[in-house]
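Following full-length UniProt numbering, the numbering of the sequence shown begins with 1 at its first residue and continues without gaps.
Treat the hints with caution; some may be incorrect.
[Unchecked claim] Calculated pairs, DSS-like style, for lysine-lysine (alpha carbon to alpha carbon, straight line, at most 27 Å):
1. K224 to K354
2. K220 to K192
3. K220 to K354
[Stated by the list, open to error] Okay, the calculated beta carbon distance ranges per label pair:
4. G184 to F213: 38 to 48 Å
5. S310 to T172: 44 to 54 Å
6. R139 to I311: 38 to 48 Å
7. G301 to K220: 15 to 25 Å
8. Q180 to A251: 45 to 55 Å
9. G344 to L267: 33 to 43 Å
10. T330 to G150: 47 to 57 Å
11. L355 to P183: 56 to 66 Å
12. Y238 to I144: 20 to 30 Å
13. P332 to Y238: 20 to 30 Å
14. S182 to M129: 48 to 58 Å
15. A169 to V300: 41 to 51 Å
Think of the hints as simulated: they come from the structure by calculation, not from any bench. Glycine is no exception: its CB is placed at the ideal position from the N, C-alpha and C atoms.
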Amino acid sequence: MGSAGALLSHPRPQLQPCGVHTSRSRPLPRARNLPLLSLPAAAPGLQRGGRRRLRCAAVNGDGGPRDEGPPPPREEYPSSRLGAALEDPAPGPPMENGSFGGLSQEEEQSALYNFLYPSKELLPDDKEMSIFDHLEELRERIFISVLAVGAAILGCFAFSKDLILLLEAPVTVQGVRFLQLSPGEFFFTTIKVSGYCGLLLGSPIILYEIIAFVLPGLTKDERKFLGPIVLGSSVLFYLGIFFSYTVLSPAALNFFVNYADGAVESLWSIDQYFEFILVLMFSTGLSFQVPVIQLLLGQVGLVSGDQMLSIWRYVVVGAVVAAAVLTPSTDPLTQMLLAGPLLGLYLGGAWMVKLIGR
Numbered sequence: 001m002g003s004a005g006a007l008l009s010h011p012r013p014q015l016q017p018c019g020v021h022t023s024r025s026r027p028l029p030r031a032r033n034l035p036l037l038s039l040p041a042a043a044p045g046l047q048r049g050g051r052r053r054l055r056c057a058a059v060n061g062d063g064g065p066r067d068e069g070p071p072p073p074r075e076e077y078p079s080s081r082l083g084a085a086l087e088d089p090a091p092g093p094p095m096e097n098g099s100f101g102g103l104s105q106e107e108e109q110s111a112l113y114n115f116l117y118p119s120k121e122l123l124p125d126d127k128e129m130s131i132f133d134h135l136e137e138l139r140e141r142i143f144i145s146v147l148a149v150g151a152a153i154l155g156c157f158a159f160s161k162d163l164i165l166l167l168e169a170p171v172t173v174q175g176v177r178f179l180q181l182s183p184g185e186f187f188f189t190t191i192k193v194s195g196y197c198g199l200l201l202g203s204p205i206i207l208y209e210i211i212a213f214v215l216p217g218l219t220k221d222e223r224k225f226l227g228p229i230v231l232g233s234s235v236l237f238y239l240g241i242f243f244s245y246t247v248l249s250p251a252a253l254n255f256f257v258n259y260a261d262g263a264v265e266s267l268w269s270i271d272q273y274f275e276f277i278l279v280l281m282f283s284t285g286l287s288f289q290v291p292v293i294q295l296l297l298g299q300v301g302l303v304s305g306d307q308m309l310s311i312w313r314y315v316v317v318g319a320v321v322a323a324a325v326l327t328p329s330t331d332p333l334t335q336m337l338l339a340g341p342l343l344g345l346y347l348g349g350a351w352m353v354k355l356i357g358r
């Protein structure tokens, strides 16, 4: 028999192990005078992804072939596992460069996998550093960031009274007066204002040190994408603070003043006022980072622009809830004034992700 089915149809074959060699390669050394099984090198079974055929004959114990006349009729084994294992596999597309079905490895991998595990060709040629070198570099960059923020805080403390007068301007024109209800309240308020302003002025240095620390570990494509993300995040943060100072804070404070007009005199605590105004400004700046987060999610491949636009109803509810959490006041006007820009920023970020093809 020429196929593996001959092995199954023989009544009691006596098999001896046999070696395999090709006509283009040197034969393997015989072990104990065992017969060799020769296969042509050009056979399709030796090609990767082709059909494999194995021809073997029953032999006697002395190494000679058995000759018992014509072979008996072939018996069928329809459900034999051995027969199924010895059958020729169905022809399929050849495997090329570790791919299957004609798909390249890049097409099989998801965008998230490529982002988390980039290929070595995309990584920049930077020198390798040990864990202790990384810790030393991290310590130096943290020290520089703390030093920059500390210097900015000291500089703001020198002009703390001018900063306080600037932040009081939205309500002083309406006759609101500020009181110091406890000893040292104004002093600690100036420290608080100086800390917030110093952190705001020192944030570019902090951002630069973070980028310089993580930049060697980024691929070349990620380095190109990092610039617009950092620039857009910084612009949106300062834009959020400006929007809070010029629109959101005056509207919220005017609502409180007009609501109490004719009933009580507006005498506000200096500490509670700045607690309200500073938290509102920084929370607004952070909420303006929504488009940046959307671009990051789109670049990684987790969410597409169409998916972001399809859930706009849930986004409306989420914007109202987020505005209620971020604003320190409980009036609906302030919440609506913050929910509107949040919704607009989300829709703008979704369209931007869609336009760049993500």
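Pairwise beta carbon distance, Y238 to I144, judged against the given window 20 to 30 Å: 22 Å, holds
CB-CB spacing for V300 and A169 relative to the 41 to 51 Å hint: 43 Å, holds
44 to 54 Å as the expected CB spacing between T172 and S310, which holds or is violated: At roughly 47 Å between Cβ atoms, T172 and S310 fall inside 44 to 54 Å, so the hint holds.
Distance restraint between K224 and K354, which requires alpha-carbon spacing of 27 Å or less: 19 Å, holds
Supplied distance hint 20 to 30 Å, evaluated on CB atoms of P332 and Y238: This hint holds: roughly 27 Å between Cβ atoms.
Distance restraint evaluation - G184, F213, Cβ atoms, bounds 38 to 48 Å: 39 Å, holds
Range hint 45 to 55 Å (beta carbons of Q180 and A251) holds or violated: 27 Å, violated
Straight-line alpha-carbon gap K220 to K354, limit 27 Å: 23 Å, holds
Outcome for the supplied range 48 to 58 Å, where the beta carbon pair is S182 and M129: Holds - the Cβ-Cβ distance for S182 and M129, about 52 Å, lies within 48 to 58 Å.
Verdict for R139, I311 (Cβ pair) under range 38 to 48 Å: 43 Å, holds
Hint check for P183 and L355 - Cβ pair distance inside 56 to 66 Å: 58 Å, holds
Consistency of beta-carbon spacing, G150 to T330, with hint 47 to 57 Å: 36 Å, violated
Checked against the numbered hints given earlier, the structure breaks hints 2, 8 and 10 and satisfies all the rest.
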